[in-house]
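Construct the entire structure; sequences and hints are all you get.
The sequence shown runs 3 to 198 under the working numbering.
Since the hints were derived computationally from the structure, they do not count as laboratory data.
Take these hints with a grain of salt, some might be off.
Unchecked claim - The calculated label-pair distances, taken between Cβ atoms and stated as ranges, are:
#	residue 1	residue 2	range
1	P39	G155	43 to 51 angstroms
2	D101	A198	39 to 47 angstroms
3	L109	G155	27 to 35 angstroms
4	I111	D72	34 to 42 angstroms
5	G65	A5	18 to 26 angstroms
6	P12	P186	20 to 28 angstroms
7	D196	A99	37 to 45 angstroms
8	G155	G65	26 to 34 angstroms
9	R173	E115	39 to 47 angstroms
10	P80	R173	35 to 43 angstroms
Virtual Cβ for every residue (Gly too), placed ideally from N, Cα, C.
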Amino acid sequence: MSAPSRHATPADGDTLVATLVEAFRTDPFWVHFLPDPERAGYAREPALQDVMAAEVGSYLQHGHTHLIDDRAAALWTPPGIRSNDDALAAAFGTHVAPDMVESAIPLFIEMEEYRPTEPHFYLHLIGARDRARGQGLGSVLLERVTSICDAEGHPAYLEASTLRSARLYRRHGFVEVGVVEFAPGVALRPMVRDPA
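Here's what the structure looks like:
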């Protein structure tokens, strides 16, 4: 069952964080960087909570953060806007082992090379709670912004963290332009969508 999405407001901060923590607690990227020693295949939730709070705080101010009830959320930046990632970098640095941070820096730099140089919408995070998966909410959140991209002639860019999410993005017109591998089985796939 689908539902309409809406713009998030600062009052939605806690809901956004809780939704994204649940959506990404088993994501390979976050499990790699924030492994939970007591639960294999899970990220440490207190650390993930801090990181997602930094993400939400950084992206919410740009007016293109959307949610569907407390079930799904997406963090976007519009063309010409780069989010201030200082709080995210600080949270990442606090919770990720220093040697992992150091080895990841060249990979983040490499990933940046795939990002379009012209003004574009950037999808930083999109996710749904466990009970809401498979209901088409990701498509609703994607279409909310890709329709603007089509109307205004802007490309969109994202990095898929799983093959499953890459398949969803392909259905919405995104094309994989590279793969940045952080560890065996842990990769981000930069993807670009030209406006229709």
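Quick rundown of the hints versus the structure:
no., hint, result
1, P39 to G155: 43 to 51 angstroms, "holds, 48 angstroms"
2, D101 to A198: 39 to 47 angstroms, "holds, 44 angstroms"
3, L109 to G155: 27 to 35 angstroms, "holds, 31 angstroms"
4, I111 to D72: 34 to 42 angstroms, "holds, 36 angstroms"
5, G65 to A5: 18 to 26 angstroms, "holds, 21 angstroms"
6, P12 to P186: 20 to 28 angstroms, "violated, 40 angstroms"
7, D196 to A99: 37 to 45 angstroms, "holds, 38 angstroms"
8, G155 to G65: 26 to 34 angstroms, "violated, 19 angstroms"
9, R173 to E115: 39 to 47 angstroms, "violated, 26 angstroms"
10, P80 to R173: 35 to 43 angstroms, "violated, 23 angstroms"
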